[in-house]
Amino acid sequence: MKLITPPYLKKGDTIAIVAPAGILKNREEVINDAKKLVESWGLKVVIGKHVFAQANHFAGTDEQRCQDFQEALDNPKIKAIWSARGGYGSVRILDKLDFTKFKKHPKWIIGYSDITAFHNHVHNLGVESLHAMMGTSMQDKPEDITETIDTFKKALFGKQLDYTIKSSEHNRRGTVEGVLVGGNIAILSSMLGSDSQINTDGKILFIEEIGEYKYAIDRMLQSLKRAGYFTKVKGIIVGDMTKVRKNTTPWGTSIEQLILDIVPDDIPVLFGFPAGHEPDNRALLMGREVKLSVGSKSSSISFK
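The opening position of the sequence shown corresponds to residue 10 in the numbering used here, with each subsequent residue numbered one higher.
I should point out that these hints are in silico values taken from the structure, not numbers from a laboratory.
All figures in this text were calculated on a predicted structure; none of them were measured in a lab.
For every residue, glycine included, the Cβ atom is placed at its ideal position computed from N, Cα and C.
Please note that the accuracy of each hint is not assured.
Using C-beta positions, here's what the derived DEER-type ranges look like [as the list claims (entries may be wrong)]:
hint : residue 1 : residue 2 : range
1    : 208       : 85        : 43 to 51 Å
2    : 41        : 275       : 31 to 39 Å
3    : 42        : 171       : 27 to 35 Å
4    : 80        : 177       : 20 to 28 Å
5    : 237       : 21        : 15 to 23 Å
6    : 275       : 152       : 36 to 44 Å
7    : 237       : 262       : 23 to 31 Å
8    : 41        : 80        : 30 to 38 Å
Straight-line C-alpha distance at most 20 Å; calculated SDA-like pairs for lysine to any residue [what the hints assert, rightly or not]:
hint : residue 1 : residue 2
9    : 53        : 65
10   : 162       : 297
11   : 306       : 198
12   : 306       : 184
13   : 44        : 84
14   : 113       : 180
15   : 58        : 113
16   : 105       : 204
17   : 58        : 37
18   : 163       : 289
19   : 86        : 76
20   : 113       : 134
Full structure from sequences and hints, please.
Encoded structure:
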C-alpha cells in the first residue's frame with residue numbers, strides 16, 4: 010500500500026514545536042534559535058504551551074505533553090509537528106492521542122531517536138513522516154550541521170533527496186528498492202507486540218543507536234530478528250552507532266560484524282549513513298519508496 014504524503018510546506022505555513030518526551034531544562038535559547046531558523050524560511054511557528062514544563066524526567070506530565078501534541082494534530086492551520094527533542098517519553102502518550110483528524114488531514118511529524126515511536130505509529134496509519142533534526146540540534150556548531158539543516162529544509166519543502174556516500178569496507182553490496190522504515194533500535198524493540206510494531210517485509214530498514222553496550226544492541230536486534238524483522242527485509246541502512254559503551258567483558262567483534270551476524274547473507278547492508286545522534290544528521294522520508302545501491306567504492310540512496 011502506497012503511503013499518503015502529507016502536503017509539503019510553503020511560505021506562510023505554520024509549524025508547531027512540541028516536546029513529547031524528555032525535559033528541556035535551560036533550553037529556551039536553543040529552541041528560540043530553532044524557531045528563528047524555520048522563520049527565516051518564511052514559516053510561522055507555534056510553540057506548545059508545555060514545551061518548557063518539568064515533570065521529573067519529562068517535559069511536563071503525560072497529560073501536558075499529550076495536550077500539546079493533540080492540539081498540533083487537530084489544528085488545521087498547523088502543517089507540521091516538529092519535536093523539540095527526544096530522550097524518552099513518546100511511547101507514554103501514543104495511546105492517549107486521537108489520530109482521527111490527522112488521518113483525514115495528514116501533516117508531517119518530524120524528529121528522530123525517541124520520535125521513532127511516532128514514525129512507526131503513523132506508518133501503520135498509512136502516512137509518511139520525516140526522520141530529521143529536532144529543535145535541540147541547533148545547539149551544535151553551525152558548520153557541523155550544514156547538511157542537517159539543508160536536507161531538513163529540502164524534505165520539508167518537497168525538494169528531491171538523493172545521497173551518495175563513500176562505501177564502508179564492511180558493506181554487503183547489492184541494489185534493492187523498497188519502502189523505508191525504522192529508526193532507533195531501542196525504540197523499534199520497545200514497539201514489538203503493540204499496534205505500533207512495523208512490518209518490514211519487502212522494505213528497507215534503517216537503524217541507529219546511542220549509548221548502548223554491544224550486548225544490549227545484540228539483544229535488541231535478536232528480539233527484532235525473532236519478531237521477523239530480517240526474514241523478508243529487502244535491505245539495511247545503518248546510521249550512526251554513537252557512544253557505544255565498553256563492557257568489562259569484551260564483546261569480541263566490531264559493531265559492524267555484530268549487525269552482519271544478525272542479517273541474512275543475501276541482504277545488502279549499508280554502513281555509515283550520516284543519520285542519527287551525530288551533528289551530521291541527514292533527513293530521511295520514512296514510508297517513502299527508495300532505491301538503495303551499495304557498491305564497493307560508493308553507495309547511494311535515492312528517494313522516489
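Tested hints:
1. A C-beta distance of roughly 31 Å is found between residue 208 and residue 85, which places it outside the suggested range of 43 to 51 Å.
2. Taken as a hint, the range 31 to 39 Å is violated for the pair residue 41 and residue 275, whose Cβ atoms sit roughly 49 Å apart.
3. As the Cβ distance of residue 42 to residue 171 is approximately 28 Å, the hint placing it in 27 to 35 Å holds.
4. Evaluation of the 20 to 28 Å hint for residue 80 and residue 177 yields a failure: the beta carbon distance comes to about 43 Å.
5. A beta carbon spacing of about 45 Å between residue 237 and residue 21 contradicts the range 15 to 23 Å that was offered as a hint.
6. A hinted range of 36 to 44 Å for the beta carbons of residue 275 and residue 152 is consistent with their spacing of about 41 Å.
7. As the Cβ distance of residue 237 to residue 262 is approximately 24 Å, the hint placing it in 23 to 31 Å holds.
8. Separated by about 21 Å at the C-beta atoms, residue 41 and residue 80 break the suggested range of 30 to 38 Å.
9. Straight-line distance between C-alpha atoms of residue 53 and residue 65 comes to about 31 Å, which puts the hinted pair past the 20 Å bound.
10. A C-alpha spacing of about 17 Å is found between residue 162 and residue 297, which places the hinted pair at or below 20 Å, so the restraint holds.
11. Note on residue 306 and residue 198: the hinted pairing is violated, with a Cα-Cα distance of about 32 Å set against a maximum of 20 Å.
12. Distance check on the hinted pair: residue 306 and residue 184 sit about 14 Å apart at the alpha-carbon level, within 20 Å; holds.
13. Taken as a hint, the residue 44 and residue 84 pair is honoured in the structure, with Cα atoms around 19 Å apart against an allowance of 20 Å.
14. Distance check on the hinted pair: residue 113 and residue 180 sit about 41 Å apart at the alpha-carbon level, beyond 20 Å; violated.
15. For the hint linking residue 58 to residue 113, the alpha-carbon distance of about 25 Å lies beyond 20 Å, and the restraint is violated.
16. Among the hinted pairs, residue 105 with residue 204 is consistent with the structure: their alpha-carbon atoms are about 13 Å apart, no more than 20 Å.
17. Restraint check for residue 58 and residue 37: the C-alpha separation of about 13 Å stays at or below 20 Å, so the hint holds.
18. For the hint linking residue 163 to residue 289, the alpha-carbon distance of about 15 Å falls within 20 Å, and the restraint holds.
19. For the hint pairing residue 86 with residue 76, the CA-to-CA distance comes to about 17 Å; that is within 20 Å, so the pair holds.
20. Between the alpha carbons of residue 113 and residue 134 the distance comes to roughly 11 Å, so the proposed pair stays at or under 20 Å and holds.
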